[in-house]
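Enquirer: Taking the hints into account, I'd like the entire structure generated from these sequences.
In this text, residue positions in the sequence shown follow full-length UniProt numbering: the first is 1, and each later residue adds one.
Calculated directly from the structure, the hints in this document are not laboratory data. None of the values given here were measured: they were computed from a predicted structure. A couple of the hints might just be wrong.
[Claimed, not checked] Across the chosen pairs, the derived CB separations fall in these ranges:
hint: 1; residue 1: 164; residue 2: 122; range: 17 to 27 Å
hint: 2; residue 1: 172; residue 2: 134; range: 17 to 27 Å
hint: 3; residue 1: 58; residue 2: 171; range: 31 to 41 Å
hint: 4; residue 1: 79; residue 2: 189; range: 14 to 24 Å
hint: 5; residue 1: 12; residue 2: 173; range: 41 to 51 Å
hint: 6; residue 1: 183; residue 2: 15; range: 37 to 47 Å
hint: 7; residue 1: 80; residue 2: 189; range: 29 to 39 Å
hint: 8; residue 1: 25; residue 2: 175; range: 14 to 24 Å
hint: 9; residue 1: 66; residue 2: 137; range: 16 to 26 Å
We put the CB at the ideal spot given by N, CA and C, even for glycine.
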Amino acid sequence: MSDESSTTDLPRGLRLRPAGPDDVDAVVALVQRAYRGDASRAGWTTEADLLDGQRTDADAVGELVGEPRSAVLLLVGEDDAPVACCHVAARLRAEGMAGDDVVGYLGMLAVDPARQGDGTGRALLAAASRHAAQDLDARVLEMTVIAQRTELIGWYERQGWERTGERRPFPYGDERFGRPRRDDLEFVVLAREAAEV
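Expert: Have a look at this one:
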């Protein structure tokens, strides 16, 4: 990862670094705290009204940490504990799609509910975009967001992301992603240019 200790455009007291195997449990706890259960209701990114159960687990995060051409990026405080994370990976575009062969995929963006609204998420998005451009040679980043999360989609749009018009099915029956509380969940695909800043 280029410039892993960069503090450019980061909220005061935070530092960017890649996650390692020793960070897996802390990442799982952070993601769960940001999205599920009562703790997630302290922030605005909660999915607790849409899904029960886990958002991810140690096996899944461990795979992401060890995946080639992939990084789980952390914003950590002075105690080196993560306050925000996201996963960025290089993916090949589907056959027949226009554009470059490599697209960066961004997922698992989570900010501790106590830090939501202070610029931490925005700073991590910018760092992930730089990482995709500089380290993965991606010119485009994509992500999926649950379609019913209109407030979150609106936030991403204010950060320069655009809806592609593509929708993808929610993985019903796969409890690794939680237990849906409704039967109409699906993902929208958002994209933006990766930035070499």
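Enquirer: Indicate, hint by hint, whether the structure satisfies it.
Expert: A quick look at each hint next to the structure:
no.	hint	result
1	164 x 122: 17 to 27 Å	21 Å, holds
2	172 x 134: 17 to 27 Å	37 Å, violated
3	58 x 171: 31 to 41 Å	19 Å, violated
4	79 x 189: 14 to 24 Å	36 Å, violated
5	12 x 173: 41 to 51 Å	44 Å, holds
6	183 x 15: 37 to 47 Å	42 Å, holds
7	80 x 189: 29 to 39 Å	34 Å, holds
8	25 x 175: 14 to 24 Å	19 Å, holds
9	66 x 137: 16 to 26 Å	20 Å, holds
Violation of the numbered hints given earlier is confined to hints 2, 3, 4; the remaining hints are satisfied by the structure.
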